[in-house]
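> Residue strings, one per chain:
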Amino acid sequence: MDASGIDIFEIYRRYCDIKSGHAYIGGEEGYRQDSDLQKAKVSREALTQLSKLVESRVTTGVTIFDELSMLMSRLNLRADFSEFSRFYDFVFFMCRENGQKNITVSRAVNAWKLVLAGRFSLLHPWCDFVEKNQRYNIFEDTWQQVLAFSGFTHDSLDAYDPEGAWPVLIDDFVEHVHRMLGSYYDNSNLHCNCDDPESQSWVFDDPL
Amino acid sequence: MGGNLYQRIEKECEAHISAALQSLVGQSPDLIVFLSLVERCWQDLCDQMLMIRGIALFLDRTYVKQTTNVQSLWDMGLQLFCKYLSLSPEVEHKTVTGLLRMIGSERSGESVDRTLLNHLLKMFTALGIYAETFEKPFLECTSEFYAAEGMKYMQQSDAPDYLKHVETRLQEEHERCLLYLDASTRKPLIATAEKQLLERHIPAILDKGFTVLMDGNRIEDLQRMHSLFSRVNALESLKQALSSYIRRTGQGIVMDEEKDKDMVSSLLEFKASLDTIWEESFFKNEAFSNSIKDAFEYLINLRQNRPAELIAKFLDEKLRAGNKGTSEEELEATLDKVLVLFRFIQGKDVFEAFYKKDLAKRLLLGKSASIDAEKSMISKLKTECGSQFTNKLEGMFKDIELSKEINDSFKQSSQARSKLASGIEMSVHVLTTGHWPTYPPMDVRLPHELNVYQDIFKEFYLSKYSGRRLMWQNSLGHCVLKAEFPKGRKELAVSLFQTVVLMLFNDAEKLSLQDIKDATGIEDKELRRTLQSLACGKVRVLQKMPKGRDVEDDDLFVFNDGFTAPLYRIKVNAIQLKETVEENTSTTERVFHDRQYQIDAAIVRIMKTRKVLSHTLLITELFQQLKFPIKPADLKKRIESLIDREYLERDKSNPQIYNYLA
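Chains as they are written, first to last, in this note's numbering: chain A, 1 to 208; chain B, 1 to 662.
If we strip away everything but chain A, and leave its shape as in the complex, we get (with noise of 0.2 Å):
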């Protein structure tokens, strides 16, 4: 494949291809049995070509975080949430390097400041927060867990559970978060819990 011509919308459109399962490799149409297994298979492959595609680009001096946001500008990311799920998985694996899994914190700090402005009322002190704290690279899974908790803190973190599947890092942003506020914050949510039986039984509805 001509890797100096494809830009953003192209590779944008070929990983969206690839997630919705209509991704076509040479020919290899023979998956039946245990076709769940062998989808995936076919679309961790998919993906490992584009990326090496992607790894192949001649650089034009924009950088990856400027083509992100001129993509996003075009997309109509406001009204679909699961097209902007999407999107936000997909810069995920642009900001990959040298074919690693994983992203530096750097790069995304400043993709998260990108793509979740607006989106996620703790952003500023989130990236605070895994700039000072974070020694080593984000994981796929803790990106993706993060934008599920965005949307989890729209009104406040109280039913928020520890004892949850969340990543670390996101327990540890909690609890700094909680000591941040200080006992104030304690005592004034003891009281909201007690009146708002609402915000009792509030469950984390899984945006996903």
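Among the clues, some could well be false.
[Stated by the list, open to error] The list that follows gives simulated cross-link-like pairs (lysine-lysine, DSS-like), each with its CA atoms no further than 30 Å apart:
1) B/K375 / B/K293
2) B/K348 / A/K39
3) A/K113 / B/K637
4) B/K11 / B/K83
5) B/K487 / B/K547
6) B/K627 / B/K375
7) B/K637 / A/K101
8) A/K41 / B/K637
9) B/K11 / B/K65
10) A/K39 / B/K65
11) B/K356 / B/K337
12) B/K611 / A/K19
13) A/K101 / B/K611
14) B/K571 / B/K458
15) B/K631 / A/K132
16) A/K39 / B/K380
17) B/K375 / A/K52
18) B/K348 / B/K337
19) A/K113 / B/K652
20) A/K19 / B/K637
21) B/K652 / A/K101
22) B/K259 / B/K380
23) B/K392 / B/K361
By construction, these hints were calculated from the structure, which means they are not laboratory data.
Position chain B against the provided structure of chain A, taking the given hints into account.
Frame of chain A, contents of chain B only:
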């Protein structure tokens, strides 16, 4: 005829009794005097009725027996007395008040006429009005009295005195029942006293006195507390107080980093004193024993790792040679006690790592006080934790024993006899990798004589055990050198590195640091330490120029001509034999690494069987399977890492559920 007589006697009696009781009304304001009047009235009645019955015995035996609804003469008299007593409430009331007043004064320490009390109370019993007329107000009055006394004494005296007082009071009340109260009163009376004196004050007594008693090891007072508390079912509170006392005190011992040196011996002392208290004061109460255990487990695991490490160290001190004056039995007893602490440790792997490291030193340097004690310790650990735990430790002993045999047969072998230069003796420990702690390899260029020796041994060993690989652990070797100083011959007990350095001075008088480094090939930091031990320590067989504590780049070293020492054999302490901070942290780190693998393995094992599992259930199962203390966050980190390595994935529809990826 009989009926007529009976009626007339009854009439006569009635008139008499009514008059007798009437005469008591308004009598003497002094209660004691009044009581004796009542007593006399009662006594008279009894005498008179007996007399009448004696006279009219025939009537009593025939008419009364044959006719229904007719009482015996005696009963008739009692009934009439009872009737007229109740008709003059003043007399009855005054009698009861008088009795209560008398008992009250006796409680306040005055002596009273107990016979009077006894008689009057017997009267109430005989009349069948004891419970209603006397017992009820008596118990009320008792309750009031002890309520007030309890309050007052709790404020005035400290807890042990208070308990002593309560014990006396209960004893007194008990005696009161034997002396003049009706036997049926004993139970409610004691219960009332217990309730007012004890039950109400349990929390205050514990609050005020328990810590003092425990701190002071006051066996007798604690025993009193236990037996008194058991009477009012307050042992649960006592148990809780004990538990929180142990936790608090233990926390002080465990958490204070400055006292780390004495932590284990303090804990042992603490445990011993608790055991004595448990045996002698708490009558070996099973529940108490459990709560002592729980509390100990809690406190010893308050700090991760350090207690386990210190217990291992403590054992090292005990098992190392040089503990003169402790007999074998004493040593055994100490080991047993330490084992009790060991049992509470959750991170047994930390203990094992440090124990192993110290054991290796004892075995390799021949520093063990007694192999029997060592083995007994191992067998104790084996019964405690199973053979898997001690496998490697036992392997270490086996290595040492085998090495002895190998050395013996080496000395007998033809290789050794034909090729070895005389004047050198060598003994080799052949250690199985994996049984022993790992030591970082350290290079050294050995003097020719030693090199030859090593090669011959290697040849000999491999001819016996082909296919094995021998690696020399230079940092562990130690030697005895014969040295000719101008002022006398000496034997120097030194490490292999020290030996290598010293042997250079066979051929040279003065060497620079660089010379020595080039000739020996010892790593820089290690070499500086070695030289420091030879030229700057207590025993200075070399001299450093210029003088100073630290070895600098341009320093020169000279054989010390003027060396003298009172003893023939001298040990030159090698600095590397002391435990360094790095060594310590590396041991701890190794334990943590091992744990990570164990966590990963456990997660994969569980997920492989379950395929799909929620986060909560996975964590619960992990806590069951893993035998060391661990924080949920640590488990999560491993789960995240396994997700990243694609062993697991989050379920697409519910991020709280993990799927196993084959």
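> If a hint holds in the structure, say so; if it does not, say that too.
How the hints compare with the structure:
1. B/K375 / B/K293: 27 Å, holds
2. B/K348 / A/K39: Violated, at about 46 Å.
3. A/K113 / B/K637: 25 Å, holds
4. B/K11 / B/K83: 14 Å, holds
5. B/K487 / B/K547: 22 Å, holds
6. B/K627 / B/K375: Holds, at about 25 Å.
7. B/K637 / A/K101: Satisfied, since the Cα-Cα distance of roughly 17 Å is no more than 30 Å.
8. A/K41 / B/K637: With Cα atoms ~26 Å apart, A/K41 and B/K637 stay inside 30 Å; holds.
9. B/K11 / B/K65: Holds, at about 20 Å.
10. A/K39 / B/K65: 110 Å, violated
11. B/K356 / B/K337: Within the cut-off at roughly 20 Å; holds.
12. B/K611 / A/K19: Satisfied, since the Cα-Cα distance of roughly 24 Å is no more than 30 Å.
13. A/K101 / B/K611: 24 Å, holds
14. B/K571 / B/K458: Holds - the C-alpha atoms of B/K458 and B/K571 are around 29 Å apart, at most 30 Å.
15. B/K631 / A/K132: 23 Å, holds
16. A/K39 / B/K380: Violated: A/K39 and B/K380 sit about 57 Å apart, past 30 Å.
17. B/K375 / A/K52: 62 Å, violated
18. B/K348 / B/K337: Given that 30 Å is the threshold and the Cα spacing comes to 17 Å, the pair holds.
19. A/K113 / B/K652: 25 Å, holds
20. A/K19 / B/K637: 28 Å, holds
21. B/K652 / A/K101: With a Cα-Cα distance of about 19 Å, the restraint between B/K652 and A/K101 holds, given a limit of 30 Å.
22. B/K259 / B/K380: Judged against 30 Å, a Cα distance of about 28 Å means the pair holds.
23. B/K392 / B/K361: 15 Å, holds
Of the hints listed earlier, those the structure fails to meet are numbers 2, 10, 16, 17, in rising order.
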